[in-house]
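When we follow our numbering, the leftmost residue of the sequence shown carries the number 1, and every step to the right adds one.
For the record, the hints were derived by calculation from the structure and aren't laboratory data.
Fair warning: there could be bad hints in the mix.
[Stated by the list, open to error] Here are the computed distance ranges between Cβ atoms for each label pair:
no.: 1; residue 1: D14; residue 2: T116; range: 15 to 25 Å
no.: 2; residue 1: P192; residue 2: D215; range: 30 to 40 Å
no.: 3; residue 1: K125; residue 2: P192; range: 47 to 57 Å
no.: 4; residue 1: T116; residue 2: P2; range: 42 to 52 Å
no.: 5; residue 1: W162; residue 2: F187; range: 33 to 43 Å
no.: 6; residue 1: E113; residue 2: S81; range: 15 to 25 Å
no.: 7; residue 1: E52; residue 2: A160; range: 40 to 50 Å
no.: 8; residue 1: P2; residue 2: Q98; range: 44 to 54 Å
no.: 9; residue 1: L171; residue 2: R28; range: 14 to 24 Å
[Unchecked claim] BS3-like cross-link-like pairs, simulated, lysine-lysine; straight-line CA separation at most 27 Å:
no.: 10; residue 1: K198; residue 2: K145
no.: 11; residue 1: K94; residue 2: K145
no.: 12; residue 1: K125; residue 2: K145
no.: 13; residue 1: K125; residue 2: K94
no.: 14; residue 1: K94; residue 2: K15
no.: 15; residue 1: K86; residue 2: K145
no.: 16; residue 1: K145; residue 2: K216
A virtual CB, placed ideally from N, CA and C, is assigned to each residue, including glycine.
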Amino acid sequence: MPRLTLDERRFIADKMTEGLGYAEIARRLGRPTSTVSREVARNIGGQGYQPEQAERRTRERGRRPKSVKPAAPDDVTRTVSEFEAKMVAVLLEKGMPQMAARVLACLYVTDSESLTAAELVRHLKVSPASVSAAVRFLDNLGMIKRVHDGRRHRYLADDAAWFRSSVASGLTMERWARTAHEGAELFGDSLPGRRLEKMALFLDHFTRDLMSVADKWRHLLSP
Numbered sequence: 001m002p003r004l005t006l007d008e009r010r011f012i013a014d015k016m017t018e019g020l021g022y023a024e025i026a027r028r029l030g031r032p033t034s035t036v037s038r039e040v041a042r043n044i045g046g047q048g049y050q051p052e053q054a055e056r057r058t059r060e061r062g063r064r065p066k067s068v069k070p071a072a073p074d075d076v077t078r079t080v081s082e083f084e085a086k087m088v089a090v091l092l093e094k095g096m097p098q099m100a101a102r103v104l105a106c107l108y109v110t111d112s113e114s115l116t117a118a119e120l121v122r123h124l125k126v127s128p129a130s131v132s133a134a135v136r137f138l139d140n141l142g143m144i145k146r147v148h149d150g151r152r153h154r155y156l157a158d159d160a161a162w163f164r165s166s167v168a169s170g171l172t173m174e175r176w177a178r179t180a181h182e183g184a185e186l187f188g189d190s191l192p193g194r195r196l197e198k199m200a201l202f203l204d205h206f207t208r209d210l211m212s213v214a215d216k217w218r219h220l221l222s223p
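Please model the complete structure; the sequences and the hints are all you need to start from.
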C-alpha cells in the first residue's frame, strides 16, 4: 500500500483535533486502522502530531542507509522516544486525554524512580498547568502515586493500578450481568428475555474468570 501523503497526514491531524478515533479516521481515508495508529505513534512529539514534521521524518527515514551499525546515543534516544510515542498512541486509543497519556508514558519509560512536575514539564515541553491537570487526572484514576520528598511532590507509575483497573472492569461487568438477569426475568420466555439471558450468562462467566485471573497474577505487580 502506498505511503501516506501530506494531505492524508493533514487530514489525520485535523480529525484527531476533532476527537475522532483512529478507526474512523482510517475508514474515511480508506486505510487500515493500523496504518493510522502506527503513523501517529512514530511521529507524535512535544506539540502533538504535526503532519509536516511527520512528512519530513518519513522522507529522512527513507534516505537512511540500510546497513546495520551499532546504535549511537542519539539513535537510542530516538528509539526510546518512538516507543514512548507508541505507548501514548495506545493510551489515546483507549480514550485517555492526550496530556494524561503523555505524562503516564513518560513515567513508565523514565530511568528515574519518580519525576517532579518540573521534570515532566521539561521533558514534555509543555506548560506547568498542563502537567498539573494531567497528574491530577491520573491521580484521581489511581494510575500514579504522589510522594513527597520533604521539598516537593514526586510522581511515579503505580504498578498496582493495572490490578485495580481489572477489578474495576470486573465490577462493572457484574453490574451489567445483574441488570441483564433482572431484564431476563422481567421479559420471561420472549425474544428480549432470551437475548438478555444470553448476555447475563456470558457476563457471569467472563467476570468470574476475569476476577480469578487478576487475583492469580496479582503477585507479578508486587515490588
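Starting from the hint 40 to 50 Å, judge whether the C-beta atoms of E52 and A160 obey it.
41 Å, holds
Do the beta carbons of E113 and S81 sit within 15 to 25 Å of each other?
Cβ of E113 to Cβ of S81: about 20 Å, so the range 15 to 25 Å holds.
So does T116 sit 42 to 52 Å from P2, Cβ to Cβ?
45 Å, holds
Check whether the Cα positions of K125 and K145 lie no farther apart than 27 Å.
Holds, at about 22 Å.
W162 and F187, beta-carbon distance inside 33 to 43 Å?
37 Å, holds
Are P192 and D215 spaced within 30 to 40 Å by their CB atoms?
Holds: the Cβ-Cβ distance is about 34 Å, inside 30 to 40 Å.
Does the alpha-carbon distance linking K198 and K145 stay inside the 27 Å limit?
With Cα atoms ~40 Å apart, K198 and K145 exceed 27 Å; violated.
Cβ separation of P2 and Q98, checked against the hinted range 44 to 54 Å
28 Å, violated
Hinted pair, alpha-carbon criterion (27 Å max): K125, K94. Please report holds or violated.
Status holds; Cα separation ~24 Å.
27 Å limit on alpha-carbon distance, applied to hinted pair K94 and K15:
Holds: K94 and K15 sit about 16 Å apart, inside 27 Å.
Pairwise hint evaluation, K216 against K145, where the allowed Cα distance is 27 Å at most:
24 Å, holds
Consistency of beta-carbon spacing, P192 to K125, with hint 47 to 57 Å
54 Å, holds
Checked against the numbered hints above, the structure breaks hints 1, 8, 9, 10 and satisfies the rest.
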